[in-house]
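Student: These are the residues of each chain, in order.
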Amino acid sequence: MNWRAIKAIIQRDLLAVTRSKGVMLPLIIVPLLFMIILPAVFGYFSPLLMEMPGANMPDITLFLDQLPPAMLADFEGYSMEQLMIVFTLVYMFAPMFLIIPLMVASVVAADSFAGEKERKTLEALIYTPTTDMELFVGKVLSAMIPALLVTLVGFLLYSLTANLAAWPTMGEIFLPNTAWIILVLWVAPATAATGLGATVIVSSKANSFQEANQIAGVIVLPIIALVVAQVTGVMYFSAWLTVLLGVLFWVVGGVLLYFGVRTFRRSEILARG
Amino acid sequence: MTTIPVIKTQGLTRLFDDITAVDNLDLEIYRGEVLGYLGHNGAGKTTTVRLLNGVLTPTAGKMKVLGLDPTMDGAELRQRTGVLTETPSVDERLTGYENLRIYAALFNVPPAAVEKRVAELLEVFQLTARAGDRVGEYSKGMKQKLALARALIHQPEVIFLDEPTSGLDPVITRQVHTLIRDLSKNGGHTVFLCTHNLEEAQRLCDRVAVLENGKMVALGSPAELARDLWKGMRIEFETTQEALPIALQTLEAIPDAHEITTAEDQPSISLILSLRDQVPEMVSRLVAANVPLYRLTPQEPTLEDIYFALHETDKEVKK
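Quick mapping for you: the protein sequence lines, in order, are chains A and B. In terms of the working numbering, the first sequence opens at residue 26 and continues consecutively. In terms of the working numbering, the second sequence opens at residue 172 and continues consecutively.
Don't take every hint at face value.
[Claimed, not checked] Computed spacing ranges between beta-carbons, pair by pair: (1) B:N279 - A:S233: 29 to 35 Å; (2) B:D304 - A:S233: 23 to 29 Å; (3) B:D304 - A:L182: 32 to 38 Å.
[Claimed, not checked] Far from chain A, by Cβ distances over 12 Å, these chain B residues were calculated: (4) K386; (5) V388; (6) M404.
Worth flagging that the hints you see were computed from the coordinates, not collected in a lab. Backbone N, C-alpha and C define an ideal beta-carbon position, used for all residues, glycine too.
All chains, full assembly: derive it from the sequences and hints.
Tutor: Quick look at the structure:
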């Protein structure tokens, strides 16, 4: 592997990404919403919501009673207000947080693979002495690196915002816990790989960044299903289940990337036009 | 130019479904040579470049470029070739400097030499003043010059240029022509020039290969092609304004005289005779018709004459 060439591809793709408003806008807005605005709003306002005259306390109590016992055990010792905060910011948003690495990887990969076709810059790259595998690795890393960076920085910001916003109610640092650390270090890279693999495959057929991005966006659906499962109490993401979830995403991501690399051959790309 | 073939193909063929993009191509190109690869759009020029650089696999046939098999040794070969693609393919979001620096790394230019090489090329192509601007703000000519600089960043032995002056203004076209000549004559580079600009080919190329629907229909220097393929002769003569109508009438009566045209600014006529031997007969007919002849000049056929003659022949063969 020629790592100097791979580094040059990463540098080239990242420079191109950071200079496109169309690509950068979702990369800024979505993490900002998930990692700062939502934890700030929920951390600060959810206890106040319960004090509102219209708040349906019996229903909320009934809902919390129906949560899995393991989850309820985690809530022991919390007041109702604190419990609402922990439930929302620690459990409800955990799977939602996975949308970030998946989305960042997909958006950057769509720009790097399909967008490059659209801009007609791929042909010059194809005539370089890099191998197909070096080109692929360079492009995959140029999507993975920002996805992991945004996730890590986002996680720190999320933890900071959540703890600060909820401090008046919680009076203690409640985030991150073990499941969150596993989520960020193990599951998030796996979801990024899944989004990336799906986008590479879609990009081999798509002719533009927008087209690839929209089709590959479907991959976010399993994450939404996880959010619903966690919110409704169908599933409880304990540390072990989080590890297993990571394994599942790594397998799916690995399979998608395996098929992705097969679509990324010079001769195939040019023969497809 | 030496007689060592740097590019050699035998029966090279590439099919796309039922379309034959390159058909049984036998070609040898020598070190330091500028070979014009002529053909209409879709004739198979770009496909040939892709095959010779190992980015497309052939359906049949053999090829060697710089002693390497492009299909097997593609990466090693591309380290020694440079390609200017038909569209400049420059990264418009990057600056001119960034484009060259990144491609210098991709072409394994030694890190210590990168800055010097990039500055050198920016200077040669008169892009130094705009090197820090994003390429999206460049004119078409500047983008083309940047793409050419990028193709030369690693000082390749063989340079493939696909329509290098397409859409460029005459000043930049002349600069590019000078550079191509310099690369070949002073630098010893081999240039594979895909073009449908026949004047450009005539001016720059040692030999030309004419491609028609993927098949090579002629190969040789413009003079060789003229001798072998152009049996007729273009003649221009000067007479008087008063004698023009009778001269035209006389020429139209000669069965093998065609493309008879008059000049706009002077009383002269240009025509093509199918055979050189018909010149004396034409002159005697004009003299017999009392047409004064002040000047009679035989003209060498241009590459354009030959190209269109070949094209006509090909169409007739198909009929």
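Student: Give a verdict on every hint.
Tutor: Results of checking the hints against the structure:
| no. | hint | verdict |
| --- | --- | --- |
| 1 | B:N279 - A:S233: 29 to 35 Å | holds, 32 Å |
| 2 | B:D304 - A:S233: 23 to 29 Å | holds, 26 Å |
| 3 | B:D304 - A:L182: 32 to 38 Å | holds, 35 Å |
| 4 | K386 | holds, 21 Å |
| 5 | V388 | holds, 25 Å |
| 6 | M404 | holds, 44 Å |
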